[in-house]
Structures are given as C-alpha cells and as structure tokens.
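J.: Based on the sequences and whatever the hints tell you, model everything.
Residue numbers (the numbering used here), protein chains in the order written: chain A, 1 to 230; chain B, 231 to 992; chain C, 993 to 1077.
FYI, nobody ran anything at the bench for these hints, they're computed from the structure. Be aware that one or more of the hints could be misleading.
To be verified - A few chain B residues facing chain A, derived, Cβ under 10 Å:
{"no.": "1", "residue": "Ile247"}
{"no.": "2", "residue": "Pro402"}
{"no.": "3", "residue": "Thr403"}
{"no.": "4", "residue": "Pro483"}
{"no.": "5", "residue": "Arg662"}
{"no.": "6", "residue": "Val672"}
{"no.": "7", "residue": "Arg673"}
{"no.": "8", "residue": "Val677"}
{"no.": "9", "residue": "Arg691"}
{"no.": "10", "residue": "Phe760"}
As the list claims (entries may be wrong) - Just a sample of chain A residues kept apart from chain B, beta carbon distances all over 10 Å, derived:
{"no.": "11", "residue": "Met1"}
{"no.": "12", "residue": "Gln27"}
{"no.": "13", "residue": "Val30"}
{"no.": "14", "residue": "Ala61"}
{"no.": "15", "residue": "Gln70"}
{"no.": "16", "residue": "His75"}
{"no.": "17", "residue": "Pro99"}
{"no.": "18", "residue": "Asp113"}
{"no.": "19", "residue": "Gln134"}
{"no.": "20", "residue": "Pro139"}
{"no.": "21", "residue": "Glu158"}
{"no.": "22", "residue": "Asn160"}
{"no.": "23", "residue": "Glu161"}
{"no.": "24", "residue": "Gly172"}
{"no.": "25", "residue": "Asp176"}
{"no.": "26", "residue": "Glu209"}
What the hints assert, rightly or not - Subject to a maximum C-alpha distance of 20 Å in a straight line, what follows is the list of computed EDC-like cross-link-like pairs (lysine to aspartate or glutamate):
{"no.": "27", "chain 1": "B", "residue 1": "Lys661", "chain 2": "A", "residue 2": "Asp113"}
{"no.": "28", "chain 1": "B", "residue 1": "Lys661", "chain 2": "B", "residue 2": "Glu439"}
{"no.": "29", "chain 1": "B", "residue 1": "Lys574", "chain 2": "A", "residue 2": "Asp38"}
{"no.": "30", "chain 1": "C", "residue 1": "Lys1006", "chain 2": "B", "residue 2": "Glu540"}
From the three backbone atoms N, C-alpha and C, an ideal C-beta is built for every residue, glycine too.
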Amino acid sequence: MKFGIVTFPGSNCDVDALHAVTDQLGQTAVSLWHRDHDIQGCDVLILPGGFSYGDALRAGAIARFSPIMQEVIAHAERGAPVIGICNGFQILCESHLLPGALMRNAEMQFICDWVHIRTEGKAPMYLGGYEPSQVLRIPVAHGEGRFAADESTLDALEQNEQVVFRYCNGSGAITDAANCNGAMRNIAGIVNVNRNVLGMMPHPERAVESLLGSTDGLPLFESLLAQVGA
Amino acid sequence: MSTTISAVQPRPGDPAITPELVAEHGLTPFEYEKLLGLLGREPTFTELGIVSALWSEHCSYKHSRPVLKTLPTEAPYVLQGPGENAGVISVGDGWAVAFKIESHNHPSAVEPYQGAATGVGGILRDVFTMGARPIAMLNSLRFGSLDTPRVRWLMAGVVKGIGDYGNCIGVPTVAGDVMFDPAYEGNPLVNAMCVGLMREDELITAKAEGVGNPILVVGARTGRDGIHGASFASEDLSEENEAKRPRVQVGDPFTEKLLLEASLELIRSGHIVAIQDMGAAGLTSSSAEMAERGDVGVVIDVTKVPVREEGMTPYEILLSESQERMLVVARRGHEEQAAAILRKWDLQAEVIGEVIAEPVYRVVEGDRVVAEFPGSRLVTECPQYFPEARESDVIVALRARDPHAVAERDEEADPVWTLTQLLSSPTIANKRWIYRQYDSQVRTSTVVGPGAADAAVVRLRGTNKALALKTDCNSRYVYLDPRMGGRIAVAEAARNVACTGGRPMAITNCLNFGNPKKPDVFFQFREAVFGMGEACRALGTPVTGGNVSLYNENPLGAVFPTPTVGMVGLIENIDHVTRSSFRTAGDSIILLGESTDELGASEYLSRVHNLTIGAVPSVDLDHEKRLVDALLAAIAAGVVHSAHDTSEGGVAVALAECCMGDRDATLGATVDVSEALVSSDRALLWGEAQGRVLVSTADVEGVLGIARAHGIAARTIGLVTAESRLVIRAGARTLDTPLAPLADAYFDAIPALMQRAAMATT
Amino acid sequence: MSRFRVSVHIVPRKGLLDPQGKAVSDALHALGFADVEDTRIGRYIVLDVKAESAAAAELSVKAMCDKLLANPVTEDYRIASTVTA
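T.: This is the structure we're talking about:
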C-alpha cells in the first residue's frame, strides 16, 4: 500500500508519519508538497500534525487553500482513505471534509501528555484491528484541540456512529477529568459519513513502538492494510 | 558591486562624535583611543555603532576570554571546538552531534514571552547553520520566588514562549532544570540549549572564503527590532521617540521552520560556502565574524538589505536584531541555484555584498562609504581585560557559618513535615506544569522525556545508540563557593547522564554572572570557570562552546553566579536506557557513595530555615569519575533496574522521587540510611553530600561487586515495597508516611502557585 | 452612574514584526488578493463599564489596557467606540 504524506509549510509531524508507515509497517510512502497537484497514485493520504502557516488566523485555515487540498478532497470523494492527525484534523474541518471545529484547549495551554482514548462508532477501515471499546494509551500534543460543534451536529455524529475515539480514563470511563482539552462530549476523533475520512487529535504515529512507550496506534494502520488491501 | 574606494564620510544627519556619545556606546576612553589608533581618524557614527557592538562583552568576550581559555576543549571525538556557531562531536558510525547553550536573560526580563521565544530561535539557528538538523531542545531557567505575582508572570510568559516556538518548529523540548531563589528576583535567567544531528561530512563552518563570492542575507526583513541598547538607553528619550524604536524582538517560528529546511537543503546542495545566524548585533557581528574566521575582507551595501520599515539608516540596518535572518556566502555563479532553493521555501534572499581580497571591513550605502576598518580581525582588536578578583567578605562569612548550629524548628520533630516542605519547594517539586506545555515527543525519538529519568534520552534513528542530555547548575553552591560549585555543576550533570546509561562526552556552558568589573563578581567568574575546567578534565568532558552573559544584576545585587552546564552523553546500546523510579517490588535499594555530615548550602537550609549558609559539600572528582564508570558498567551488565542521583533535598527527597515516578505511586520503600561515621541525622536525611546514587536491583551482589571493582563504597539500605509507603530510618529518627500526601505536595506545589497567575500569559 | 459599552482595538505595536499578519498577507497574495499591502492581527475587546460619564468610562478602560488588556511592550491599543449601553 502506498501512503502519501502531505507537507505544508509548518508541518512538523510529516517525517514521524512517514517513519511509522515505512519503518513499522513496511509500506511505501512518499512526501507530497503542498503545491503539488499530483498524489502520485497514493492509496492513503495523511495530513500530518504541525503548525501549517504558523496556525495564523485559525489552525488549518490557510492550509486548506493549498493546491494539494483539491486532490485530497477528490481522493476523499472517491471514498479513499484520508487521515488527518492533529493539525491535519484541523485542516480537514476547515476544508469541510469533516464537521465541527477545533478550539483552544479549555485550560488555554498547549498540552503534551499521554492520554487514554476509547474506540467506538463504526469505521471498519480504521477500527478493524481494535476490540470494541478498547482503551488506547496515546500521546496528545496540541494547543487547539477542543472539538466543538453545535448540538444537532453532535447528535448526528453520535446517532450515525461517526464518533470513533473519546477521551477516557485508564479504565475506559468517559469522565470530565479525562477530557484533556475540554472537547465537547469528550470527542477525540471522528469520521465522515462515508467513514473514509478520519480526523483525530491524538497522535497514532507516536504510538507504534514500545521503545517510545506504546504500540496502541499500530492497529489503526494495520486495519487500513487489512481493509483496503496491501 | 562597485569597488571604487572613496574616503569615509559622516552621513548628513549623523550626530557629532562627542565623549558623551562614545560613553553611551559603552566604549571606555581607553577603548576609544584604541579605535582612533586603528582608524587613524575619528570614527563616523556608523563606525561607532559597529565597534560598540563588536567590542561588547557578548561579541568580544573581553573580560572573560583569558579565563575561558583555561577550559579543556579537546578530545579525539571533538570535531569542532569553541569559536563556531556550535560545537560538534562525533558519536561514531559517521554521525556527529552539534550542540550549544545560549542565554536570553535580558530580553526575557523585559518581555518574557518574546524574550524566551527568540532565545530558542537563536540557538536553533546556531545549530542548523553547522549543517545539523535540530533533534532536541533543553532549557535552564532561574526565577525569583513564585510567591510574587511578577515572578509568576515571568515564568508563565517564559514557558509559553519556549513552548510556542519549539512546538511550532517541531523540535522536542526534552529536558531542563529550574531553580527558584530571591537572588533572581529582578533578573530571571533563560538559557536554551539545542542539540542537532548530522553526518560528519555535512559539517559546515561560518568562515567567509573565496574572493568574489557573493554575500546574501536570507530570511526575514530587517526592522528596527532590538537595535543595540547602548545608543537608545539614554534617559531623555521622549515617549514618542521610544515608541518609534521598538527594541523587543518578535519571534516567528513559522519562518524559522522554513529557514531551517531551506538552510539544510542549501548546505547539502554545495551552492554555498558558509552560513551564519544573524544573532546579537545582527548583520554587523555575523559579517565581521565570518570575515575574521576566513581572514578575508568584505564589503556590504546596506541599501541592498530588504527592510521592513522606511527610512532606516545604515546604523540601524547594521545593528538590527530582527529575528529569523541568516548571512550566507554563496559560491560565485551559484546565486541563482541558491535562490531557487530559498524560493521553494517562500524565503527571500538578496545579494548584499561580497568577499574581497583587500583586508578591510567596508560598509557602503549605494556609492557612499559609511564605515571602513582596516584588517580582518576587527572583533579580536578589542582590548582584553584582566579585572581584579577578590572574594566578598560577606560570602566568606556566610560560608563559615556552621549549619549544625542552626536550631531545628519545632515542626521538624516530625521528619515527614520537613520532607513535605522540601517536596513542595518549587526547586524540587515536579515540573509537569512547565514541561506539559512543551511538545517533548515530536520527531518520535524521545525515549525518555522530561521527568522520567535524571537526563532525557533521545534515540539516534537508524542506529542502536541514543543521546543522554541534561542541563545542570546548583547556583547556591556556586554562590557560597564558586570553585567547588563549578566542579559540582559538571559532576552532577555527568552523574545524571550516567544514571540513564550514557557516557558523558562533552559540555557546552552558559556563564551567567553579574558585573565583571566588580572584583567579587569577577572572583566568582574566575573560580567557577576554574572549577568547571578541573571537573571537565577529570571526567573527560571537554567544553565545545557556550556563551557568557554578564551584568545580570540590578540595584539590589547580582544573581547567584550560574555557570549552567549542558551535557551530552552517549548511550552505546539503546537497551541500556535506565530510568530513575523504582520498577519492581522486592528489589534491593543500594546507595552508591558515602553520606557525610555535610549540611551546608542545602535546599533544606534554604527552604526550612531561609538560610543560604555553610560550606558547600565537597566533591572528589576522581571518585565522581569512578562512580560514572561503575554505574555504566553495572547498567551494561544489566543489573540496574533504576538509578537516581541524590541532589537537592538529600537522600530522603531522592527516595521519595524514586517512589513517585507517577502520581499514583504504587511502589514504596523501606530503608535505613544510618551510617556509623555520620553523627547528624539531619545530614543523613537532607544533606547533599556529593557522589551518591540510589540504585534498585534484583542482583545485589552484581551491583556491589561492580562498585567494589571501581573503588566505590556501596551498601544495601533497604527494599522496594509493594505498599505505597515510605519508611526511612536515619540514626535516631524514623520517617514513616504513606506516599499519597507526599505526592500531593510534590505534584501540586507549582500548579497551586501558578493558579494564581491567571491571565499571566501573553 | 450609567453603563457604557467601550470597544477597544489592540494591535501589534507599529514597527514590530507581526508573524501572524505576515502569514495572512502572504496567503491572501497567494489567493490572488494582490492589492493587500499589510495585515496586522490583533484583538477586539468589548467592555460594559459603569461610569459617571463616557469620558470617565474611557479613562477607566485605558487604565485596564495599560495594566492588563494590552502588553505595553508589544502592543498598541485604541478605543474604537464608546456608547451608552
């Protein structure tokens, strides 16, 4: 399977995503420059974390106008996998590929920490490798990660089983204390209606090696390989 | 570029050169005489500005150079010692590590957010201009007491500034050290260290070479930011005037990220011969230093420099400290290829001058020569000083006081009270409030991040090796005994690095002191540097570069002398990475090294008795070297489950920390630290005797045998227990407590203080 | 005492680099808005203040700006409007 990892000016988790899919999963990956119009036949596109355009105005607000985003949107519309991690999630929301928005963390500070999230909803492309309600230990690193949407959007996301990760405590309980950034309804990750576009604030690419503290992100990528075909 | 030579002439509108103006520029009459001799005529205003910057302490090291020269700088693996943008050492397999620490104290005191952010930006540029990709940041911070709102505001701003810059650029902030003492009330210290990785053959130096090669300025436009304080520091500047001349530098990490990627691509491309950050004194110092290193002349046309504001004079353009700018010497004929790389990264580059054969430093404004100095060694033309050094009687008296004569407070009848006081002392307390704001994991190579071991560990991807990184300096020791304090700063850093499994390789230092013209301050400086040098020689860790920050004082006095050490260690085998907290119930706890009756200069005296007195614990450098070797041998033998050195707060605090790797503290310890030769129970618990490390192990004989073989005293003091409880016997005293209240004290102290700092961020 | 609604603009101080404004200028250029020469991004704060008069309300808001709302080292502020609330 071929992964394309988009580098915007200011992206900084692009190399980490590249290493995760090549070194840990043994897949091929190419780096796509934000000015490119060609996704080079990639099967999966990843919008990585970072601070595209220095987060000027709103995180992701300027990146959505990059030429490559037309290709990302077309790829998503074909039903192919698109993953936005952290700043990538923000860009997907700004691009309206996903509903909602990411706001300043409730405590108004950047947070880098290990958190727990729990799988739920319906997204076989990404969750196939996890047990239902599996608790993952995974890093977050963001200043604007508080998921927000209006009540009807939130209700629709839940009814439609598009919420795929929620912040929880170590035993899987969805609590306020476990909600590191104050996200509405503890939402850490969602998919679109077609379940091929995934946006999440935690960093699965940072949780693929036991040396670095967790391999709980691996099944996400392995699900893709199994569901989409190597 | 025009090579017509005309005589230097003052520009219309330049102020007349008066003794007052010379003094405002910080030049002494002696230095001015030297300048007159060098030029053979009166300088222009522009020239005065140039010299005032180049002959400042920051650029010329005029008070510090003779002392600094005593530091050891060589080892077989040192590829680049002091004098370049950063030091470089080989770590084997063709890989090299570039690293340096630098201060941004004064700007951070004025505007903590931007001051700290631009400090991070500057040290990053120093490292990537060597050709290395930054892989880790550290910082060493000193603040006054967190009980005052201004200090809380300063710390909130500094931490946010460091975080926002490092996070945005994508370099993990992995370790640091923070200390609080009223001595830093008006003068916080912000020292930032950057570590970069490169292939050995990618090393590039900032040496202007090749007559005819063009000089380019790359990156951000030049504004009036941070123009040399000297000429604007006069009291009678009106507010309106002041508003026109912003001195605060504003950091732009987004542009820096582009600059980083573009610079590394440029260096690899072979289209350039040299590159240097435009840091302090901006264009002036970067161009003069590059010319001096290459022993060539340069000519620069200030009208070619892209500016952000209208009407900037040559003086302002030359001295601006606008951030995110680089000076590049390209290969003649390769300008277009170099520019194409920069364009890809949305960066601007302009040719502003060239390398010339004539040994002269010349600045032109169109066809007018506005400054011209003969020779290519303008920076080292600066006079050197050998200031008087004399220890302050006050400090001699403080050191002579007997800490054992200090009566115990009533509350100390319960040692748990004392331990709680120490664990909640901001200097000792958990620093999560700070490091949670730093992305410590980006680049997915951080094996041990902040708070989990005595040093951070960053793996070298593609090898089986890792770096162990730490900053250190107990400045209370340096204050009471600069020679001993200087030694301990290095020894403690080495101990910390060794506790994680790393062999200490080299250090960079950041020497933060007061006014060197005061004999007591210069005494501190000289003795501390001598002490560092002794320790570096004993431990085999040369100094590959660093930074001197003097005049850290205000009318109330100078800061504690703070010679911060930034140490790089090499872990040969990633399997050897060792953390500080206990791992397994039933493990034995071994104390390497010996406790003593020493109690002076301790955090205990400071926190509990508000006293900074007594003799500093003595450090035996030969013992420290053997301790490092013993630790590394034991770790390599696989018998060490955890290792943690004892420092502020003594054995009791170190044991508590080993139990509180995380807040839930599920493991405890029961130990007896009594020693026949130590009569003071206070010293047993809280004393800061040097050369001690707590090790937990399942193989007692293995550890004791290795310690014996290295001539290190070692004995089993107790066990790791499955109960969340700490029991310490020390002579006649017993400390016995559940861990939960200790964890509350340790983890909540700083957040509770900072809670009161609402709205403190910029 | 009456209530006044005082609006304040706070912008990066003139002459200081505004990295956010610069990034937005560049993005606007890239989107074809070539006539944008400069962008500065600040904050707009609306305060409801009890005071004897509009002038007193403004005086009080200026004090708030000096002390808290604006960073005197890096920012300038201007009262945009004062109306009876």
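J.: Please go over all the hints and tell whether each is borne out by the structure.
T.: Structure-based check of all given hints:
no., hint, verdict
1, Ile247, "43 Å, violated"
2, Pro402, "9 Å, holds"
3, Thr403, "9 Å, holds"
4, Pro483, "7 Å, holds"
5, Arg662, "9 Å, holds"
6, Val672, "6 Å, holds"
7, Arg673, "6 Å, holds"
8, Val677, "6 Å, holds"
9, Arg691, "7 Å, holds"
10, Phe760, "40 Å, violated"
11, Met1, "20 Å, holds"
12, Gln27, "16 Å, holds"
13, Val30, "17 Å, holds"
14, Ala61, "13 Å, holds"
15, Gln70, "20 Å, holds"
16, His75, "24 Å, holds"
17, Pro99, "27 Å, holds"
18, Asp113, "6 Å, violated"
19, Gln134, "22 Å, holds"
20, Pro139, "5 Å, violated"
21, Glu158, "30 Å, holds"
22, Asn160, "33 Å, holds"
23, Glu161, "31 Å, holds"
24, Gly172, "17 Å, holds"
25, Asp176, "17 Å, holds"
26, Glu209, "8 Å, violated"
27, Lys661/B to Asp113/A, "13 Å, holds"
28, Lys661/B to Glu439/B, "47 Å, violated"
29, Lys574/B to Asp38/A, "17 Å, holds"
30, Lys1006/C to Glu540/B, "12 Å, holds"
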